[in-house]
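Peer 1: Counted from 1, the sequence shown has number 456 at position 456 by UniProt numbering; the numbering is strictly sequential.
In short, the hints are calculated from the structure, not lab data. One thing to keep in mind: the hints can contain errors.
In the DSSO-like style, the derived pairs of lysine-lysine whose C-alpha atoms are separated by at most 27 Å in a straight line are [what the hints assert, rightly or not]:
no., residue 1, residue 2
1, K470, K189
2, K382, K60
3, K189, K143
4, K143, K349
5, K382, K189
6, K382, K421
7, K470, K450
8, K421, K241
9, K241, K441
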Amino acid sequence: MEREAMEFDVVIVGGGPAGLSAAIALKQQSPDLAVCLLEKGAEIGAHLLSGALLDPVALKELLPDSWQQAPLGAPVTDDRVHLLQSATRALQLPHWAVPPRMHNDNCHIISLGNLCRWLGQQAESLGVEIYPGFAASELILEKGRVRGVITGDLGLDREGNPKADHVPGMALLGRYTLLAEGARGHLGKQLIAEFNLESDAQPQHYAIGFKELWQVPASQSKPGLVLHGSGWPLGEEKGSKSQGGFYLYHLADNQVAVGLIVDLNYQNPWLSPFDEFQRLKHHPLITDTLQGGERISYGARAITKGGWHSLPRMHFPGGLLIGCDAGTLDFSRIKGIHCAMKSGMLAAKTVAMSLRGGDEGGRDLAEFGDALQQSWLAQELKAARNFGAALHRFGPWFGGAFNWLEQRLWGKGSPVTLLDKEPDYRQLRLASRCQPIPYPKPDGKFSFDKLSSVYLANTSHDEDQPCHLKLQDASIPVTVNLPTWAEPAQRYCPAGVFEIVETEIPGADSQPRLQINAANCIHCKTCDIKDPSQNIVWTPPQGGSGPNYPNM
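Let's have the full structure, built from the sequences with the hints guiding it.
Peer 2: Right, dumping it as structure tokens:
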């Protein structure tokens with residue numbers, strides 16, 4: 001197929017904090033560079049979801065004269081951590097008992113989508129060409145290097161045949177390509193395999209993070225209040241060994257963000273992260289704030305949380321892997337925005353210096369690794385390198401005690417190294433050996449079903465397009481996953497995309513089959529991560545499809 005091609009100095013895939021910071025920093029350092037940024041959402045910020053607490057350290061570094069003009073939301077004024085002991089009891093930890101890295105002094109409660117919309121404006125004012133609604137669907141590989149990307153075709157029917165309005169994807173060629181797709185990026189995953197970037201790293205680890213935005217009565221709004229915690233409802237079911245934690249952030253304008261993070265190394269295939277989140281909201285600590293309020297938005301997203309030991313090599317011939325595409329989030333602080341931004345800034349500095357020196361592009365920018373090692377980003381991630389492994393190995397109580405002691409006694413100089421070598425998808429036990437979990441029906445007041453939640457994510461897909469959730473073997477869901485793990489995709493998906501339905505066959509018994517409701521997908525990538533057979537491959541649908549988060 002003949003495709004139109006456009007050439008740039010640098011092509012950036014992803015309009016999140018890493019990609020936008022890289023674009024801004026590139027133009028700051030080399031204004032004459034031609035920089036293109038692709039965003040698969042309908043607009044910058046449409047697919048972005050985070051709690052979100054911002055440490056402004058990287059923002060100040062990137063835009064020292066204008067960072068205060070950014071939509072910084074509410075500054076943190078009160079910071080609390082609770083252990084939920086049961087469905088009705090909670091224990092607030094004294095300030096001294098909270099690990100130092102979980103304190104949120106000088107941070108802001110923000111909307112990541114709104115921050116990146118603002119960063120997009122700064123990038124465009126510097127001359128960055130931003131193309132929203134264009135999904136990068138393929139890598140262009142030439143002679144062992146990345147040469148750019150191809151955007152997805154528009155106007156294909158379900159069978160992949162061109163419709164009357166078909167427009168072939170474009171080839172966007174760059175001297176260097178920066179991948180900043182966020183957690184479990186489709187192209188980043190391919191690059192890691194193509195160039196064996198994880199050869200010296202332990203397996204990456206993930207969680208699924210839920211978020212709802214609520215409008216609450218003014219008497220229950222306390223702008224600047226931050227609540228974090230762990231315990232109930234996770235970890236209480238027999239055989240689940242599920243871990244994670246909740247958050248409740250009080251924003252301005254009588255709004256609060258409530259969410260639950262569930263580590264994807266859980267063992268019980270009957271567990272439903274979505275339903276655990278719905279249960280959480282019935283705890284008195286949460287209902288006291290939500291009572292009489294209205295849920296106005298919902299979303300979910302995978303979180304890359306393996307930390308320093310799980311970072312792949314981030315440089316390859318022709319480009320760099322940055323932000324959560326690589327896994328730069330500092331899970332010990334429950335923050336990743338400043339880390340993603342710094343990785344983008346380091347990438348920009350490396351690329352700009354190389355191109356200024358007469359580089360024609362395409363080489364392996366190994367000097368990025370040196371720049372990373374010398375940065376505060378590496379120091380922060382190294383200091384937190386044991387955080388997740390300690391929780392996974394010792395559990396929330398003893399693991400939490402280990403993290404407190406490590407941070408209090410050694411800070412950045414801990415002599416201990418803990419590894420977490422088992423991938424999340426291998427953790428599931430046989431369904432027959434686990435206890436099914438009975439979840440209560442949603443009450444429509446604090447808890448809700450998946451379909452009404454997806455409606456609030458404003459997700460939209462043209463149903464007459466190829467299914468973007470690919471099965472490498474269409475028989476595996478029924479022949480392997482169903483008898484072995486009761487097909488957990490029905491429960492780990494937060495949007496009701498996967499269903500086992502009975503197909504009536506004339507003259508024979510009905511047969512189960514997996515039905516994929518791709519139009520419901522909110523692009524969380526959990527299926528690509530947690531499927532125990534690693535049979536589901538998430539690919540980007542037609543550009544602009546998916547959720548459209550207004551203030552998430």
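Peer 1: Verify the proposed pairing of K382 with K189, using a straight-line Cα cut of 27 Å.
Peer 2: holds, 23 Å
Peer 1: Take the C-alpha atoms of K470 and K450, compute the straight-line distance between them, and say whether it is at most 27 Å.
Peer 2: This hinted pair holds, its Cα atoms lying about 22 Å apart.
Peer 1: Regarding the pair K143 and K349, is the alpha-carbon distance no greater than 27 Å?
Peer 2: holds, 26 Å
Peer 1: When you check the alpha-carbon spacing of K189 and K143, does it fall within 27 Å?
Peer 2: holds, 20 Å
Peer 1: Does K241 pair with K441 here, judged by a C-alpha cut-off of 27 Å?
Peer 2: holds, 23 Å
Peer 1: Given the hint that K382 pairs with K421, does the C-alpha gap stay at or below 27 Å?
Peer 2: Measuring from Cα to Cα gives roughly 17 Å; hence the hint holds.
Peer 1: Is it true that the CA of K470 sits at most 27 Å from the CA of K189?
Peer 2: holds, 15 Å
Peer 1: With a cut-off of 27 Å on the C-alpha distance, tell me whether K382 and K60 pass.
Peer 2: Holds, at roughly 22 Å.
Peer 1: Do the alpha carbons of K421 and K241 lie within 27 Å of each other, as the hint requires?
Peer 2: holds, 17 Å
Of the hints listed earlier, there is not a single one the structure fails to meet.
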